[in-house]
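Protein chains: 4
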Amino acid sequence: MLKVAICGGSGYAGGELIRLLSSHPFVKITAVTSEKSAGKTVSNLFPHLINHTNLVYEPLNKHRLLTKADLFFMALPHAESQEAVDFFLRNRKKIIDLSADYRLRSPEIYEEWYKTPHKFRATLRKAVYGLPELYRKKIAKASLIANPGCYPTGAILGLYPAVKAKIIDTDSIVIDSTSGTTGAGRKSETAFSYCEVNEGFKAYSVAAHRHTPEIEQELSAVNGKDIKVNFTPHLAPYDRGILTTIYARLKKNAEAGKILDIYKNTYAKEPFVRVLAEGKFPNVKNVRGTNLCDIGLAVNKRTETLVVVTAIDNLMKGASGQAVHNMNIMMGFKETTGLEAIALFP
Amino acid sequence: MLKVAICGGSGYAGGELIRLLSSHPFVKITAVTSEKSAGKTVSNLFPHLINHTNLVYEPLNKHRLLTKADLFFMALPHAESQEAVDFFLRNRKKIIDLSADYRLRSPEIYEEWYKTPHKFRATLRKAVYGLPELYRKKIAKASLIANPGCYPTGAILGLYPAVKAKIIDTDSIVIDSTSGTTGAGRKSETAFSYCEVNEGFKAYSVAAHRHTPEIEQELSAVNGKDIKVNFTPHLAPYDRGILTTIYARLKKNAEAGKILDIYKNTYAKEPFVRVLAEGKFPNVKNVRGTNLCDIGLAVNKRTETLVVVTAIDNLMKGASGQAVHNMNIMMGFKETTGLEAIALFP
Amino acid sequence: MLKVAICGGSGYAGGELIRLLSSHPFVKITAVTSEKSAGKTVSNLFPHLINHTNLVYEPLNKHRLLTKADLFFMALPHAESQEAVDFFLRNRKKIIDLSADYRLRSPEIYEEWYKTPHKFRATLRKAVYGLPELYRKKIAKASLIANPGCYPTGAILGLYPAVKAKIIDTDSIVIDSTSGTTGAGRKSETAFSYCEVNEGFKAYSVAAHRHTPEIEQELSAVNGKDIKVNFTPHLAPYDRGILTTIYARLKKNAEAGKILDIYKNTYAKEPFVRVLAEGKFPNVKNVRGTNLCDIGLAVNKRTETLVVVTAIDNLMKGASGQAVHNMNIMMGFKETTGLEAIALFP
Amino acid sequence: MLKVAICGGSGYAGGELIRLLSSHPFVKITAVTSEKSAGKTVSNLFPHLINHTNLVYEPLNKHRLLTKADLFFMALPHAESQEAVDFFLRNRKKIIDLSADYRLRSPEIYEEWYKTPHKFRATLRKAVYGLPELYRKKIAKASLIANPGCYPTGAILGLYPAVKAKIIDTDSIVIDSTSGTTGAGRKSETAFSYCEVNEGFKAYSVAAHRHTPEIEQELSAVNGKDIKVNFTPHLAPYDRGILTTIYARLKKNAEAGKILDIYKNTYAKEPFVRVLAEGKFPNVKNVRGTNLCDIGLAVNKRTETLVVVTAIDNLMKGASGQAVHNMNIMMGFKETTGLEAIALFP
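Residue numbers (this note's numbering), protein chains in the order written: chain A, 3 to 348; chain B, 3 to 348; chain C, 3 to 348; chain D, 3 to 348.
Be aware that one or more of the hints could be misleading.
One copy or any two copies: either way a pair holds, since identical chains are not told apart in the list.
Below are the DSSO-like pairs computed for lysine-lysine, each with C-alpha atoms no more than 30 Å apart in a straight line [to be verified]:
1) Lys-189 / Lys-139
2) Lys-282 / Lys-95
3) Lys-230 / Lys-254
4) Lys-95 / Lys-70
5) Lys-70 / Lys-42
6) Lys-38 / Lys-282
7) Lys-30 / Lys-303
8) Lys-140 / Lys-64
9) Lys-121 / Lys-303
10) Lys-128 / Lys-282
11) Lys-253 / Lys-168
12) Lys-38 / Lys-189
13) Lys-253 / Lys-303
14) Lys-303 / Lys-166
15) Lys-95 / Lys-260
16) Lys-70 / Lys-139
17) Lys-70 / Lys-227
18) Lys-117 / Lys-260
19) Lys-266 / Lys-336
20) Lys-230 / Lys-253
Rather than coming from a laboratory, the hints here were simulated on the basis of the structure. Since the structure is predicted, the reported quantities are computational estimates derived from the model, not experimental observations.
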């Protein structure tokens, strides 16, 4: 049994990790940290876990945790992960960091968007971006995984086959995403209270969201030269799921009839990507509680534009599910272990 | 008192017309039609109207209705309006048609998108597109108003100032809209039942929605030459409201700092458009139950793209509220009469 | 124009008062207070009010407010109203207090349930319980109105005709209520954040809710001797509305067939109560945004039990709408002034 | 591998059975029937099942099905199950019937409430009521299980310990339940369309719901003499879950302090009942997607009344989960097999 610790286990991503790892056959959770809730039982904060776990929150004491676990899931707010990640890595532990701290390969871009210094540049260079569909082999050998952001996961998976096949004009990309409210975290802010979100719909961080450089970094790497994208996130009144609608002008040589095949072939062996049949489009409801990314696409012949729509569960494929997938790859477990649940519908 | 009839009064737009017109000081509803519900009271179908109306549904008997009213609101499904509109117009009545039948000036384009013939081309030439912000003067003199579609209202108002000012590349327009579920009408279809819509989010009619040519027609008219747009509607789990996020590449000569002023100036005298302060973006929740269109915008300097976000209540500014506004203009009433209600928040 | 001030105008009840009073033809709002938001515009906290009000929040400075208004709406948390109410009353102002501070005629019972002393017992004796259907005449002459609680409004109106007619066993009353989440106020607490409330349903304050003695006080007064009730509130995932389902065993002499008439007669002249036809039951959706209380009832012959169901909008008839109704009565305005809006459906 | 067939697999309970049985290690689904959808793939109706099943709907041909399966789940509408159940039973198959057809031991009471004759009285006498907490031993030996109704499951489990311990006045029982909208089935009725249900809350079938005699039958059996109950169901805007709030007057000899222990002891060995700690009450959100029944209780000392609150997922413990539990007992599988999933929160 692999001993794992979860640093930052009182939020939604942390709760989801506890849910997934409690049922994982090859793993034992040995510690869960929370500064605010230290001393409380996990099931006190998450009553759905009553009878499923006896864990008690403890403060993040790095030296104490070292003796308890061999793999660390870091679900701390951005900037708070940096130092602990470095510490565990130096002590030869494996780490899957769900924060943004090790996702951007350029510390300058990190500092520009996150407005905080990156103090562990040598460690940053060791991090592997944990999107298995792009980096499976590197993940298998890595000790530090930067688990992708929720929006980037849906956006990159939606664009990867088209960018790789060089069928779109990479200057023309528009990414319009909508997230359920778990994306905002488990927070006590009026703006995310029930009555403010319910029956509402809005764009936010327009032309300024921090996931933009992450999307650009990965698409640029596939493309071989820099891509800039227009990205707008929206907040919607449901719990889980991100739907991403992507627009990109087709190059003249692109054969509209073959694009679906390009997508199907790209993801043919992927356990967690479903490319839907022609004319079918995804709904976040169909992937809820799963690690799946559903993809549908259409070609708008009037405007010579490719429209791709992807759906993920932001807490699963967009966070904790993908983290468990990364762990399975790192440890050599069957990739789908602990992630077999079928979507809860309705 | 102006005597008005509502043809097709059992759906949501019809119910909203009854709600608005029951409180309108210069209007008396003399007839409401429904084939299915003929003989039933309006308050039987709409219990919120108990004590507010004694109207009883009757079948649409054109000759009988002629004697009852001087202005007709047509809230029938597409294609069903054509003949009745023509009949009432020939009999010198005023008509506000909420269907799509008289919106597209080209009968060929209508037939291409709606898959049904247009049999009244001479009448079609008399119709005025009822978007007051663009056609106020024509509306004042018109007898037949084609009340705009819900998505086109939000899209056109969001793009009109930019297209008119020639600051955007009109080849690059992406319109990404999300509607609450009243947009689907009052329907007994499994796909719109509570549990199918709730906790879901999806795109639909991708690259194929019928409101596309309507948006293109109006933007092209402003532009002076043809515009084609990418338009994707989405369905979201809330009752009322359309949020539209629009992307268009800025021309090189566009001065980013002046764009908000262009928008503010364009709509300075409009009673139902609120251009928000810099950095503020609309939320459908803030216009619920009102005839308002809220507009916010940002310039993405990294991609030289204008992002405009608009919010309307699809049953109000997107349908029945705009119809009442058109009536007020046609009849010389103060434009805001009967449309003064403040949004119900939360 | 009557000059009114709103003390505590940043919560939902306060926002609703601003919405209602901004449209009231005989009233001018001259001040709105908030300690936290002093200096901010009202429309900054409530963007739906943009263009409808230029008011700016100010701190609650009693002496300054005295010069500004003649009637005060107090929408402060419990216990915070006591002293200010006393001050304004001594200075011959009229007050409508939406808090619980002056609702319970017994200061001992107040102190038992609210765990705080009542320091203004003489003032308490002058307060009139502002439920117009029971106390219209007293309200007309009063200077201090204790505006009823949201749950008590629905519960008392549902039981009043039956208790008065002495047709039920007053030892057997069960009151089961469900409130939308605006009932919890505009709060930054995790427990009321979107994802905690959405897709959930729970009972709370079981056998211990503070509205219990308020319900008992009023029913006991009607009954002529003490009544104790079982009351359980529930929290549901919607914004507005309280549905109350009431059970009481019928006395042997009660004629089941006449009970609906008793209800209809009791409320025949009430502008804000709709007793529904036999077999019809209320839905909070049908009273949303209105000051109405809808009532439906059935007799369970198998158990000889009367079941009454009532629906109100908790922010309107359960708070701010009823407060405006009370103001209209106190000032001799037509009772429905400013409260004519038809429910927003759907 | 046990071969099972699902008769009536296009509704929510059927979909849930497919979801659960697809993951069950000892079971193979060999047939799923639907008259309307015969010939379509299951994943066409339930896109969340894409890649999880290749099943195709077929019409219910009894003779053909006989050769295909050894255990039959019947998820047909009431009255439609009767004959097929009898047929399969005569052919020595095992049957778990999710309809109401074999739940009521008295065919007269069935006919009174369901307004349809019961034509298979001999078969009815062989049916075992499939509530494992009450009838585990009989279930283990049974061939025909009448799977309990959703409301009765929550109501009976909430009252069983108190009735058995004879601590409540059985004349005074009030059962107030609220169901999510999946309880209405997968239907194309306007009344259950999104916009009619959303932001609404209502009681229905007041004093007349068909689950009443089922609750009474089981409580009377425990009690040893007839019990009649007041039962009111409500419809709420969320997908899954029934919360039941139960009131019953305590007998004089009841010791309030011992009641929680009575409940804890009664269910101490039950894998799917969680009696919560003192002061804690259930929320449907905490059992979503599970076969659990959470129970909380309080004693109202002012009224000498016991208040019990229970929560279940109506599609799981209230239907398909309980059906799988019954199958596990009948077949001698470990009871929790295939039902281990932790609740999806949030």
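Inset, instruction - Go through the copies and call it for Lys-303 and Lys-166: within, between, both or neither, with a Cα cutoff of 30 Å. - result: both (21 Å within a copy, 26 Å between copies)
Inset, instruction - Indicate which option fits the pair Lys-121, Lys-303 if close means a Cα-Cα distance not exceeding 30 Å: within, between, both or neither. - result: between (49 Å within a copy, 29 Å between copies)
Legend entry - Copy assignment of Lys-117 with Lys-260, given that the CA separation must stay at most 30 Å: Classified as between: cross-chain Cα gap 28 Å, same-chain 43 Å, threshold 30 Å.
Inset, instruction - Check Lys-70 against Lys-139 for me: Cα-Cα at most 30 Å, and say if that holds within a copy, between copies, both or neither. - result: within (28 Å within a copy, 45 Å between copies)
Inset, instruction - At 30 Å max between alpha carbons, let me know whether Lys-253 reaches Lys-168 within a copy, between copies, both or neither. - result: both (8 Å within a copy, 26 Å between copies)
Inset, instruction - Indicate which option fits the pair Lys-95, Lys-260 if close means a Cα-Cα distance not exceeding 30 Å: within, between, both or neither. - result: Answer is neither; intra-copy 45 Å and inter-copy 50 Å both fail.
Inset, instruction - Classify it for me, Lys-70 with Lys-42: is the Cα-Cα distance of at most 30 Å met within a copy, between copies, both or neither? - result: So Lys-70 and Lys-42 pass the 30 Å test inside one copy only (19 Å; across, 51 Å).
Legend entry - Homo-oligomer pair classification [Lys-95, Lys-282; C-alpha up to 30 Å]: neither (44 Å within a copy, 40 Å between copies)
Legend entry - Identical-chain pair category, Lys-140 with Lys-64, by Cα at 30 Å: Cα proximity of Lys-140 and Lys-64: one copy only (27 Å, versus 55 Å across).
Legend entry - Homo-oligomer pair classification [Lys-336, Lys-266; C-alpha up to 30 Å]: Result: close within a single copy only, 22 Å intra versus 40 Å inter.
Inset, instruction - At 30 Å max between alpha carbons, let me know whether Lys-189 reaches Lys-139 within a copy, between copies, both or neither. - result: neither (36 Å within a copy, 47 Å between copies)
Legend entry - Alpha-carbon proximity context of Lys-70 and Lys-227, limit 30 Å: neither (44 Å within a copy, 58 Å between copies)
In this structure, the earlier hints numbered 1, 2, 7, 10, 15 and 17 are contradicted, and the remaining ones agree with it.
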